[in-house]
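Peer 1: Given next are the chains, with one letter for each unit.
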Amino acid sequence: MPFTYGFLISVALLLVVASAIACRTVKESEALPVAGFQPVERGEDYTRFARVHATTNSTGQRTLATNSVILVDTGLNYLENGVWKESANLIESTPTGIVARRGPVEARFSASTANAALFDLHKREGENLTGGFRALNATDPVTGRSVGVAHLRTNLTAELLPPNRILYRDAFVGASGDLLLEWRHNELAQEVVLREAPPIPEGIDPLIAQLEVVTEIRNSTGDPAFRSSLPAPILGSTSGPGMVEMGSFAIAPPEVNPSPGQSSTLERRDRSNGKVSATNQLQRLADGRQFLVQSLPWRSLGLPTGRSPRNLTPSALNAPRSWPEPATNLPAIGTPKVASTNYEPAGLVVRTPILMSSTLTNFVAGQTYVLASSYHSATPVRFETNSVIKFGKTNAYLFLSGPALFPLTGPGPVFTSKDDDLFGESIPSIYNARGDLVVEGTDGWAFDFMPQQALWIFYSKFGVTVRNARFRWAQSALRFDFMPGTNATAYVDGAIFENCVNGIVASASLSTISISNTRACNVSNPAVGPTTGNIKYDCDVINASTFPRSQQEPALAVRNSPLDPSRTELLIVAMDQYGISPPGLLRMTSSDNGATWTRTRFACFADRRDGFLPAMTDSDPEVSQDSFGNFYLAYSTTFGTAFYYSADGGHTWQPVPGFSAAHTGLHMPRIATGPSGKAGVPGSVWITKQDTGRLTAVGTAVYGLGDVRSAWTTEIPLPNYGAPNPNPPFPTIAIGPAGQVAVMHVVGTGADFKSPPVTYHIAIDEDGLGPGTFTNRSSFTGNLGWEELDAANEVYPFASLDWDHARSRLYVTYPDRPDQTAGADANINISLRYSLDAARTWSDRVTLNDVSVGVRFQPRLAVDRASGYVAVWWYDSRNDPQNIRVNLFATISTDLFATSKPHNFQVNPTPFQGSVTAGDFKEYMSGRFHRGWFYPVWLDSSNSTGNNPDGTQSFDIYLARLPH
Amino acid sequence: MALKASTFTSRDCRTRSRSFVFQLSPPGWLHLLAALALAMQLFPRCTAQGQIWFNTRVGGGGIDVPVFVDETLEGPGPGFSAQLYLQKEGSLTPLTPTTVFQRRGSGAAAIASRYVVPVMVTVPGLPSGSSATLVMRAWESALGSFENAIKAGYNYGESTPFTINLGGDPLPAAYLQNLESFRIIVPEPSSLAILLAATFLLLALNLMHRG
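Those sequence lines, one after another, are chains A and B.
Residues 1 to 964 in our numbering are what the first sequence lists, from first letter to last.
Residues 1001 to 1211 in our numbering are what the second sequence lists, from first letter to last.
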């Protein structure tokens, strides 16, 4: 029996423990071991940081989870006596010589130039690479003549520049300059610093000549895997970088730049891209010596450039040339000393990085990595599902010259900026053991921290296919370099490019990239260089309605589930089958960010059993959400404005209590939510009421989820609208950070009050739900009236307003013409203004469209409250000379419109148009910008998703999802 | 209680109207209420004639009432006229002016032919703010009138009656709130035409069979 009791108790204890581990859900009262990131695991090329993270849902239940981030940095740690230690960028002078030994690679340096090898790199496994600078040549690519212009002095003593540099001052015979070696735990850089241009030998044309930096190298692993077969001498190639791989080492293409902050006659840069083009080549001589030859145009040294380099002739490729004499070890000269003064390179710097290859070759599923520096691997690298690789430096990149393996099905790996918090873990600030900042933690502003290139695939004989990868926030997302002159194909399949300047960049002329099933969103240049196949402009467009006949006038609300804040819930309401069958509304709800939808037709005029007031033929539905998670729905009916709210994501609805729908004709209700402006009242919801001849707005108190109360403000007509103007005022409403309410409407001129100039009036209720009322605040004019166009039946001067609470900026966008005299055939622009003083004054208008051709209409605007980013989107006919078919275009400002014309991007892949069967675009579309996700929603008859029941004959409600 | 009639001139209406001045005696307030109610019934309010903005599509105004030709999605277009009628005591009084439907555009504007060219319509005898029940009718202009179209038996249509509150000074003109979409009746093939077509088809099939 005692055994039985003990056994049962043990089982019970185990169950309790297992349950606690499985759920990791604890009560509020328990102490929680919430801590910051701590290093928990180290390897040669990585350190894993982990922390316990607690989240609380709306019911007060807290859940613990372990988050981890892996810092990737080649040679980050080294093993000493069985213990991992952090590498240091430190060169030490020892009795046996100059050595850097605090890393997985030990580097030895010559105390003087008397030695044949200036550097000697040892992997601890016994592999090594030795070498050093030898000479500068001038080569004429046309004649093939190559002449030495300078060589290394052999009587120089090294100067130490603590902590990690070695200088050979005045290192050249025949040229003025220095030789500098800089050691880091993952890279040795040889820098040839030229203070002035060497004299050009006679008979060599400086306009086409190449300056060659010749370095002798030797390795222990036999033949190098040289991945660029450019024949000698290198000609005026503007690309064609070569990577010389030798076991665990790789010599990267040279970087040529004027030294920072230095004035020099050599600072003239190449016109093409601001940087001097330079290439690598490797030459092996019959005597076994190997020379790395790095070439750059002589004209980049600052000499005048009157004409372009001539093309290479085949005969020049095989021209004879001379090489430096074999180096010998001479008697040592002096001992190394610490430099007496600091040293900064002055002049043109030809920098040659010798990289260490990483041993981290598996990016595992669901794990977040952050790169502290460039990563290089010549061995197979595997990217697993949902792995997230973030770039912690703008010059960090993944450099692969071996096979790369991607998951066959998505979602695949994500490559993005360290500041992109929408994917993977948010990156914390990471310091090394000495307290130096290795990676600065995320600030959430990814747009200003984009790696120059994210994934760089160098020519590989392994037939690389980049599959199901997502690239975000990179200047160039995916770069391919092929062996020049060869005919090869790489493949990109199922990739996504978002928020990048360039998508795919391919640098070879004969090889190509084959693209399939790939899309881009907010990418200026989706493909640069030789590619086949298309990259679709597609911001993850889905068909939300998939209902027969047309749906129109969509409105969107978004919230995070109160029970599970990681889950995004969407609500769209639109007119259904307008004009065809009895009017009704279509409600579309999704609890998984649009992956699956529930669709319900309701408020049907022919069937009033669902409890909703029946819709009219043109009910102008509007939905919104508040910070508590309530959804709101309003639409016009013959009985007045219907106004409901839902606390469960739009599945069930209740009338907003105490709302008075009395009217003589109510149209286009608009909703806004926000602070109340009244002490003790946490929130408010406001609605515009557009009655016959008057415009009003009323608000009531909201205390929480499902707690909307009847405490309505007094309904008073807003100024500047009424008889004899018969036209609708197109109201737009927003709530400010202090609960103040802004309502804007538009009034035209002329006998019918429809002609330009129109006046946008804005009224403010300064105290929100307080006793104050709306007063006229300001106005400005627009140059577009009510106009009939082919691209839309009629274009209205309908503005869209939103308020950035954190930055107290009020934005408005509206369709506009360049000036009041522009005729009806002139193009329509999208204008934007903002106010920094709650609508007392307005900025000059900013034109948002980056082309003038075409017609644009129905602009909508939304501010992401978290980041302050502003999205504006609109229909745009720029791709159709007939101005009939349109695409959805958008722009997102990340700099508060400091840039006057932000980049426009096409949201949907296929143009579409209204028609007799589809109808027209009506008055408005909708969208939100919610916690980093941009969701425009619009009418689309393109059937680009392939699931419109009527093909291209009707409008369905399309939604795009751009994580920005 | 004594009741004394008097007259005054309305500054607003510029028309001389009859009204009453009451001299109260206990329980005068009851008599006052009764008299007010009587006055409101007997005398029209002192406002302008009712006005309607005869526009079947008002962007942002909640008015979007397309008219279709038969079972198609096409609108009648400029060859068709449209007119509002005031329904009162079982009869319909045409209101002027009439209008026509817009021409068909391309793309999204292809639906313009479903909507009328907007005009302002005055309702004689009913003041601004009063309620009116209306019917909208449409017919092929070449037929001359709605009545002729009915006689012809095709190319006409009318809405179900609908009620609105009239606009007009001081109110803006009323929209066609509550007007519902309707369809134009087109000629049906006559029995003779069907018989001829069937005969022709049989003959054709017979010839093909012999051939």
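Accuracy of the hints is not assured; some may be wrong.
Said to hold, decoys possible - Using C-beta positions, here's what the derived DEER-type ranges look like:
| id | chain 1 | residue 1 | chain 2 | residue 2 | range |
| --- | --- | --- | --- | --- | --- |
| 1 | B | P1094 | A | F639 | 42 to 48 Å |
| 2 | A | A606 | B | Q1087 | 44 to 50 Å |
| 3 | A | G658 | B | Q1087 | 22 to 28 Å |
| 4 | B | Q1087 | A | S755 | 31 to 37 Å |
| 5 | B | Q1087 | A | D950 | 33 to 39 Å |
| 6 | A | D443 | B | P1170 | 33 to 39 Å |
What the hints assert, rightly or not - Short derived list, chain B residues pointing at chain A, Cβ under 8 Å:
| id | residue |
| --- | --- |
| 7 | Q1049 |
| 8 | W1053 |
| 9 | V1069 |
| 10 | E1071 |
| 11 | P1078 |
| 12 | S1106 |
| 13 | D1169 |
| 14 | I1185 |
| 15 | V1186 |
| 16 | P1187 |
To be verified - Straight-line C-alpha distance at most 25 Å; calculated SDA-like pairs for lysine to any residue:
| id | chain 1 | residue 1 | chain 2 | residue 2 |
| --- | --- | --- | --- | --- |
| 17 | A | K754 | B | E1147 |
| 18 | A | K536 | A | N517 |
| 19 | B | K1088 | B | A1142 |
| 20 | A | K754 | B | G1105 |
| 21 | A | K393 | A | N517 |
| 22 | A | K754 | B | A1048 |
| 23 | A | K754 | B | K1088 |
| 24 | A | K754 | B | V1069 |
| 25 | A | K754 | B | R1103 |
Source of the hints: derived by calculation from the structure; they are not laboratory data.
Where a beta carbon is used, it is the ideal one built from N, C-alpha and C, also for glycine.
Peer 1: Give a verdict on every hint.
Peer 2: Here's how the hints hold up against the structure:
{"no.": "1", "hint": "B:P1094 / A:F639: 42 to 48 Å", "result": "30 Å, violated"}
{"no.": "2", "hint": "A:A606 / B:Q1087: 44 to 50 Å", "result": "24 Å, violated"}
{"no.": "3", "hint": "A:G658 / B:Q1087: 22 to 28 Å", "result": "37 Å, violated"}
{"no.": "4", "hint": "B:Q1087 / A:S755: 31 to 37 Å", "result": "35 Å, holds"}
{"no.": "5", "hint": "B:Q1087 / A:D950: 33 to 39 Å", "result": "38 Å, holds"}
{"no.": "6", "hint": "A:D443 / B:P1170: 33 to 39 Å", "result": "57 Å, violated"}
{"no.": "7", "hint": "Q1049", "result": "14 Å, violated"}
{"no.": "8", "hint": "W1053", "result": "5 Å, holds"}
{"no.": "9", "hint": "V1069", "result": "11 Å, violated"}
{"no.": "10", "hint": "E1071", "result": "11 Å, violated"}
{"no.": "11", "hint": "P1078", "result": "15 Å, violated"}
{"no.": "12", "hint": "S1106", "result": "6 Å, holds"}
{"no.": "13", "hint": "D1169", "result": "7 Å, holds"}
{"no.": "14", "hint": "I1185", "result": "18 Å, violated"}
{"no.": "15", "hint": "V1186", "result": "16 Å, violated"}
{"no.": "16", "hint": "P1187", "result": "21 Å, violated"}
{"no.": "17", "hint": "A:K754 / B:E1147", "result": "36 Å, violated"}
{"no.": "18", "hint": "A:K536 / A:N517", "result": "8 Å, holds"}
{"no.": "19", "hint": "B:K1088 / B:A1142", "result": "28 Å, violated"}
{"no.": "20", "hint": "A:K754 / B:G1105", "result": "21 Å, holds"}
{"no.": "21", "hint": "A:K393 / A:N517", "result": "30 Å, violated"}
{"no.": "22", "hint": "A:K754 / B:A1048", "result": "24 Å, holds"}
{"no.": "23", "hint": "A:K754 / B:K1088", "result": "34 Å, violated"}
{"no.": "24", "hint": "A:K754 / B:V1069", "result": "30 Å, violated"}
{"no.": "25", "hint": "A:K754 / B:R1103", "result": "20 Å, holds"}
Comparing the model with each numbered hint stated earlier shows that hints 1, 2, 3, 6, 7, 9, 10, 11, 14, 15, 16, 17, 19, 21, 23 and 24 do not hold.
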